[in-house]
Amino acid sequence: MTMSTTYLLYLAISAAITIWVARTLHDRGRIFLVNCAKGNEQLADSINDLLVVGFYLVNFGYVTLALKYGTKPTDLSGAIEFLSTKIGLVLLILGAMHFFNIFIFTRMGQKKPPLAKQANGQIFSQ
Amino acid sequence: MFDAITVMPATHLCYVAIGIALTVWVGRTLRIHGRVFLAKGCKGNEELTESLSHLLSVGFYLLHIGCILLTLKLGGYAIDLVESIELLSTKIGMVLVVLAISHFAHIALYARIHGKPRYANAPSSFERATTAEIL
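The listed protein sequences correspond, in order, to chains A and B. Start counting the first sequence at 14; every next residue gets the next number (our numbering). Start counting the second sequence at 12; every next residue gets the next number (our numbering).
Hints were generated in silico from the structure; no laboratory data involved. These numbers come from a predicted model, not from an experiment. Treat the hints with care, since some could be wrong.
In silico negatives: residues of chain B with every beta carbon more than 12 Å from chain A [said to hold, decoys possible]: (1) Asp14; (2) Thr17; (3) Ile29; (4) Leu33; (5) Lys54; (6) Leu59; (7) Leu63; (8) Cys78; (9) Leu81; (10) Leu85; (11) Val93; (12) Val109; (13) Phe115; (14) Glu138; (15) Thr142.
Label-pair restraints from in silico Cβ distances [claimed, not checked]: (16) Ser68/B to Arg43/A: 37 to 45 Å; (17) Tyr82/A to Leu73/B: 27 to 35 Å; (18) Arg120/A to Pro20/B: 36 to 44 Å; (19) Gly87/B to Arg41/A: 37 to 45 Å; (20) Asn132/B to Tyr82/A: 51 to 59 Å.
Even for Gly, the Cβ is constructed at its ideal location relative to N, Cα and C.
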């Protein structure tokens with residue numbers, strides 16, 4: 014009974030933290046996407062929702078796949094250590110993804126100048 | 012209630028239910044929010060956008076629900092609640108990872124085909140698909 018409670022606690026806490034980070038990125042990252050989409054708010058909202066779904070998929074995928082690994086605890090202190098290690102790993106991965114997303118969002122705003130096509134069909138950059 | 016006989020069918024049913032629910036969620040998201048990219052590529056041709064969107068949706072659902080049902084019997088079996096949670100978690104995790112790869116592949120594909128043109132005055136994907144270049 015301890016083990017299934019530990020598992021369910023791990024899933025619940027990891028899900029709550031993932032949803033928190035995803036909502037933060039969704040709400041606060043919108044302005045970066047509007048900037049990238051050159052003011053096209055509908056496009057920015059679409060990209061935002063698509064990225065949020067991808068974020069949930071990757072993170073919930075990791076959380077559920079990593080559930081069964083690690084030394085199984087037999088008592089309460091072991092269960093707390095087990096939970097702590099697994100949730101700690103989830104937090105580290107969420108943190109890495111969070112900063113990676115911020116890095117990508119701030120980089121996307123800086124664009125290269127558009128290429129132009131010459132009369133003979135060759136493409137050159139301005 | 013969670014004895015050796017009933018836990019495995021319950022696990023199977025939970026796996027199929029959760030797997031199909033996740034596929035429908037991702038499929039709906041791609042259909043609704045990918046429409047902007049499709050419309051851009053089809054240069055405002057509403058009927059073409061709608062048709063393409065519907066065709067892609069059907070293909071997506073067929074592929075993913077088919078894979079989920081095919082992998083139902085893989086992964087061993089569980090005899091009590093703890094093993095059931097582990098098995099379910101692993102299998103749903105694989106479904107999530109496959110959906111994630113598929114999701115980002117779709118976004119990358121959309122961005123390439125229907126997104127920003129490579130150069131100024133470039134033909135849209137609709138124009139490229141419907142005009143034949145005569146050499």
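Query - Hints breached by this structure - result: 3, 4, 11, 12, 13, 16, 18
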